[in-house]
Amino acid sequence: MEINAQIALTVFMGVLLVAVAAWLTRIEDWRSYSSTAGGVVSQGERSEYIEQEKPAGLIRWLTTVDHKDIGILYGIYGLTAFAVGGLMVVLMRVELATPSTTLVGPALYNSLMTSHGITMLFLFGTPIIAAFSNYLIPLIIGADDMAFPRINAIAFWLLPPSALMIWAGFFAGPLGLGFEAPQTAWTLYTPLSTGSAGGSLDPAGGAGIDLMLLGLHLSGVAATMGAINFIATIFTQRDENVTWANLDIFSWTILTQSGLILFAFPLLGSALLMLLADRNFGTSFFLADGGNLLWQHLFWFFGHPEVYILVLPMMGIVSYVLPRFAGRKLFGFKFVVYSTLAIGVLSFGVWAHHMFATGMDPRLRASFMAVSMAIAIPSAVKTFNWITTLWNGRIRLTTPMLFCIGFVSNFIIGGVTGVFLASIPVDLVLHDTYYVVGHFHYIVMGAIAFAGFAGIYYWFPLVTGRMYQATLGKAHFWLSFIGTNITFFAMILLGYGGMPRRYATYLPQFTSLNVIATVGAMILFVGQIIFVWNLVNSWYAGKRVESGDPWDLKRDGVHTVEWQWFDRKIETAITDGGEEEQNAVTDGGEPIDKSENN
Amino acid sequence: MATKIFDKDTILDLTVNFVPLGILAVFIGIFVFADPWGFDLRASLPMYLIMFSMVISLGILTYISGKAIAGDEKKAEVYSQGQAFLDGAEPIDPHGHGENSEETDEHESKTDPENEEH
Numbered sequence: 001m002e003i004n005a006q007i008a009l010t011v012f013m014g015v016l017l018v019a020v021a022a023w024l025t026r027i028e029d030w031r032s033y034s035s036t037a038g039g040v041v042s043q044g045e046r047s048e049y050i051e052q053e054k055p056a057g058l059i060r061w062l063t064t065v066d067h068k069d070i071g072i073l074y075g076i077y078g079l080t081a082f083a084v085g086g087l088m089v090v091l092m093r094v095e096l097a098t099p100s101t102t103l104v105g106p107a108l109y110n111s112l113m114t115s116h117g118i119t120m121l122f123l124f125g126t127p128i129i130a131a132f133s134n135y136l137i138p139l140i141i142g143a144d145d146m147a148f149p150r151i152n153a154i155a156f157w158l159l160p161p162s163a164l165m166i167w168a169g170f171f172a173g174p175l176g177l178g179f180e181a182p183q184t185a186w187t188l189y190t191p192l193s194t195g196s197a198g199g200s201l202d203p204a205g206g207a208g209i210d211l212m213l214l215g216l217h218l219s220g221v222a223a224t225m226g227a228i229n230f231i232a233t234i235f236t237q238r239d240e241n242v243t244w245a246n247l248d249i250f251s252w253t254i255l256t257q258s259g260l261i262l263f264a265f266p267l268l269g270s271a272l273l274m275l276l277a278d279r280n281f282g283t284s285f286f287l288a289d290g291g292n293l294l295w296q297h298l299f300w301f302f303g304h305p306e307v308y309i310l311v312l313p314m315m316g317i318v319s320y321v322l323p324r325f326a327g328r329k330l331f332g333f334k335f336v337v338y339s340t341l342a343i344g345v346l347s348f349g350v351w352a353h354h355m356f357a358t359g360m361d362p363r364l365r366a367s368f369m370a371v372s373m374a375i376a377i378p379s380a381v382k383t384f385n386w387i388t389t390l391w392n393g394r395i396r397l398t399t400p401m402l403f404c405i406g407f408v409s410n411f412i413i414g415g416v417t418g419v420f421l422a423s424i425p426v427d428l429v430l431h432d433t434y435y436v437v438g439h440f441h442y443i444v445m446g447a448i449a450f451a452g453f454a455g456i457y458y459w460f461p462l463v464t465g466r467m468y469q470a471t472l473g474k475a476h477f478w479l480s481f482i483g484t485n486i487t488f489f490a491m492i493l494l495g496y497g498g499m500p501r502r503y504a505t506y507l508p509q510f511t512s513l514n515v516i517a518t519v520g521a522m523i524l525f526v527g528q529i530i531f532v533w534n535l536v537n538s539w540y541a542g543k544r545v546e547s548g549d550p551w552d553l554k555r556d557g558v559h560t561v562e563w564q565w566f567d568r569k570i571e572t573a574i575t576d577g578g579e580e581e582q583n584a585v586t587d588g589g590e591p592i593d594k595s596e597n598n
Numbered sequence: 001m002a003t004k005i006f007d008k009d010t011i012l013d014l015t016v017n018f019v020p021l022g023i024l025a026v027f028i029g030i031f032v033f034a035d036p037w038g039f040d041l042r043a044s045l046p047m048y049l050i051m052f053s054m055v056i057s058l059g060i061l062t063y064i065s066g067k068a069i070a071g072d073e074k075k076a077e078v079y080s081q082g083q084a085f086l087d088g089a090e091p092i093d094p095h096g097h098g099e100n101s102e103e104t105d106e107h108e109s110k111t112d113p114e115n116e117e118h
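As given, the protein sequences belong to chains W and A, one line each in that order.
Counting from 1, position 215 in the first sequence corresponds to residue 215 in the numbering used here; the numbering is continuous, with no gaps.
Counting from 1, position 88 in the second sequence corresponds to residue 88 in the numbering used here; the numbering is continuous, with no gaps.
Hints in this document: simulated from the structure, not taken from any laboratory.
In this text, a Cβ means the ideal position worked out from N, Cα and C, and glycines have one as well.
Careful, some of the hints might be misleading.
Unchecked claim - Not everything, but these chain W residues come out facing chain A in the computed CB check (under 7 Å):
1) V242
2) A245
3) N246
4) I249
5) K334
6) Y338
7) V345
8) G359
9) D361
10) A370
11) A374
12) F384
What the hints assert, rightly or not - Here are the computed lysine-lysine pairs in the DSBU-like style, where the Cα-Cα straight-line distance is at most 35 Å:
13) A/K8 to A/K67
14) W/K554 to W/K543
15) A/K75 to W/K68
16) W/K474 to W/K569
17) W/K543 to W/K68
18) W/K68 to A/K4
19) A/K4 to A/K74
20) W/K554 to W/K569
21) W/K474 to W/K554
22) W/K68 to W/K54
23) W/K54 to W/K554
24) W/K68 to W/K569
25) A/K75 to W/K554
26) A/K74 to A/K8
27) W/K54 to A/K4
28) A/K67 to W/K554
29) A/K8 to A/K75
30) W/K54 to W/K543
31) A/K74 to W/K554
32) W/K543 to W/K474
33) A/K4 to A/K75
34) A/K8 to W/K68
35) W/K569 to A/K75
36) W/K68 to W/K474
Unchecked claim - Label-pair distances were calculated between CB atoms; the ranges are:
37) W/A232 to A/K8: 30 to 38 Å
38) A/A25 to W/P174: 55 to 63 Å
39) A/W37 to W/G498: 27 to 35 Å
40) A/Y63 to W/P425: 30 to 38 Å
Whenever a hint applies, use it, and build me the whole structure from the sequences.
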């Protein structure tokens with residue numbers, strides 16, 4: 001009887017679904033949703049300018065499905081998050097200038113630390129990569145747009161509510177809503193995050209943690225939708241000339257990254273929902289024996305691939321941009337491609353190197369050490385390829401190139417310090433010290449953010465049609481490079497000294513190095529203010545670029561298709577009655593003596 | 001067909017992924033023969049599973065990607081990255097024989113004092 005009822009219910013639901021589908025096909029002509037609607041296509045021999053009228057003003061940005069517009073939205077979103085996360089850490093570093101608490105209390109410090117990590121990884125890192133990939137990949141592979149333009153737009157619009165939920169605790173306290181910003185660190189380790197006194201009463205943030213979990217889940221859904229879109233786009237929308245042998249390195253890294261997201265983020269989503277259930281619905285996934293280890297395993301199974309989700313596309317940007325200013329092709333292109341794929345696979349076999357100190361079985365621990373050692377090889381291969389590309393090249397130290405070289409330099413320090421941590425005996429000594437903080441900031445700030453800056457400066461003329469101010473760009477680089485190395489090298493030394501991470505206070509013997517780290521952070525801060533000023537000012541008032549080859553890439557035969565698209569866009573604009581301005585300038589392109597746009 | 005795709009040049013390209021495979025093989029060998037912690041199914045099974053799954057997955061992905069890339073190299077012209085449908089782009093030698101050496105000569109002559117200005 002019960003089975004019959006279930007069958008009847010299933011049939012009913014099936015009929016209902018068919019009826020809804022039939023109704024939807026009647027009310028809407030879905031074929032009108034061409035993926036090119038609202039986009040600009042001008043690729044290869046099939047060049048065709050088909051931009052349709054877009055609504056003006058805010059409505060354009062709220063309704064756009066054009067991959068380029070969505071790329072810009074991702075960029076603005078990512079940079080806003082970068083500013084928020086940066087201001088959070090400025091407060092923390094000011095606090096850490098003295099051993100005792102002065103400016104920020106321990107609870108607020110913990111909240112800032114938690115939100116800084118999550119903001120930089122989820123709200124800055126992933127979206128800024130999506131900014132580049134959305135804008136550029138369809139142009140570079142010769143696609144009309146993304147495979148699913150509307151999913152692309154939805155994926156972006158999930159992010160603003162995600163950020164609001166993640167940051168909600170900071171607003172809730174002053175508004176008297178009865179909960180605080182989470183104090184769990186971005187790792188959300190249980191039992192701290194399970195809330196011993198019930199979901200809304202625990203001292204680590206109360207409902208602020210629940211909102212953060214939901215916000216993280218939302219950002220994971222957005223990332224997964226984006227990943228599916230990129231995989232579909234790269235597999236199915238390539239120009240016929242873009243065979244697998246011709247696919248550029250940036251697209252390869254985005255394809256690999258999308259694969260990683262597809263396997264990693266759904267698992268994070270499941271773990272987050274399990275934690276939410278533990279906190280609010282009386283389940284005990286992480287409260288039973290072994291629950292804390294279970295959380296760490298689930299979290300890091302996502303968490304370590306996340307590192308490569310962030311770094312692989314940035315390596316792709318460096319591999320794409322660096323050869324342009326070395327005046328030659330990327331050395332060992334296929335080595336870099338295969339290394340990217342190797343990193344993608346091996347990144348799923350290293351997660352427990354974050355857990356060497358948990359007391360798990362030494363046999364299991366050893367296997368993670370072995371894979372962690374193995375994954376260093378493809379990263380090193382890439383590094384040697386970048387260096388070899390520079391060898392005997394016609395090097396032009398433009399701002400993007402400076403950031404690329406800075407990336408390589410910082411990546412070497414961040415990578416080598418990481419190899420030491422992959423070794424169990426060394427890790428057991430350095431675990432939970434500032435050495436780890438210094439190591440991963442060399443990667444996250446010194447490499448990932450640097451590559452992001454390289455990409456922003458390199459494609460700034462393409463996106464805005466204007467050139468940034470080269471002197472300010474170079475000032476931004478040098479302040480960032482010096483600031484990064486002062487701050488994070490001091491942290492590595494602090495770690496050798498045994499200073500534990502995640503505390504608002506520390507013992508007086510660590511004062512000198514902490515002051516140095518804070519000075520470094522202030523240098524970084526000044527650099528980023530210059531960056532924001534340069535970006536905003538140049539976008540509105542920078543001199544227009546007239547040449548479709550502002551970097552003078554044709555001279556070395558390293559011109560690429562997105563600049564060809566840009567060239568045609570300029571030509572079309574002029575033909576359409578666009579204004580022709582004089583004094584087009586570049587940063588290292590042509591004319592050389594006008595390279596500064598001050 | 002497979003032997004045609006996986007010729008000497010392609011195998012040479014793939015060596016980059018053989019190195020991590022080799023490192024994993026060495027570790028597996030050490031753990032099998034030295035056996036420092038003894039054998040216990042609950043711990044040893046996941047230990048070997050993690051390493052073998054990586055070896056197998058990496059091997060499969062390397063094979064598939066090598067087949068896709070090398071196969072396309074043999075079917076169509078190969079261009080520098082980002083130049084596949086660039087007007088006037090010249091195809092390149094996919095295996096890079098002489099590519100870099102030619103470039104080196106070319107760039108030595110191209111290098112000029114202008115570089116130092118930047």
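Is the interface hint satisfied for W/A245? The criterion is a beta-carbon contact with chain A at less than 7 Å. It holds, given that the least Cβ distance between W/A245 and chain A is near 4 Å, below 7 Å.
35 Å limit on alpha-carbon distance, applied to hinted pair W/K474 and W/K554: Given that 35 Å is the threshold and the Cα spacing comes to 24 Å, the pair holds.
Lying within 30 to 38 Å: is that true of the beta-carbon distance W/A232 to A/K8? Roughly 35 Å apart at Cβ, these two residues keep to the hinted range, so it holds.
Run the distance test for W/K68 versus W/K569: straight-line Cα separation, threshold 35 Å. Roughly 13 Å between the alpha carbons, so the hint for W/K68 and W/K569 holds.
Hinted pair A/K75 and W/K68, Cα distance within 35 Å: holds (32 Å)
Pairwise hint evaluation, A/K67 against A/K8, where the allowed Cα distance is 35 Å at most: Given that 35 Å is the threshold and the Cα spacing comes to 13 Å, the pair holds.
Assuming the hint says 27 to 35 Å, is it satisfied by the Cβ distance from A/W37 to W/G498 or not? At roughly 29 Å between Cβ atoms, W/G498 and A/W37 fall inside 27 to 35 Å, so the hint holds.
Hint check: W/K54 vs A/K4, CA-CA at most 35 Å. Holds or violated? violated (51 Å)
Using the beta carbons of A/Y63 and W/P425, state whether their distance is inside 30 to 38 Å or not. holds (36 Å)
Is the Cα-Cα distance between A/K67 and W/K554 35 Å or less? holds (32 Å)
Next pair to validate is W/K68 with W/K54; report whether the Cα-Cα distance is within 35 Å. holds (13 Å)
Quickly compare the C-alpha distance for A/K4 and A/K75 to 35 Å and report which way the hint goes. Status holds; Cα separation ~12 Å.
When held up to the earlier numbered hints, the structure conflicts with 8, 12, 18, 27, 34 and fits the remainder.
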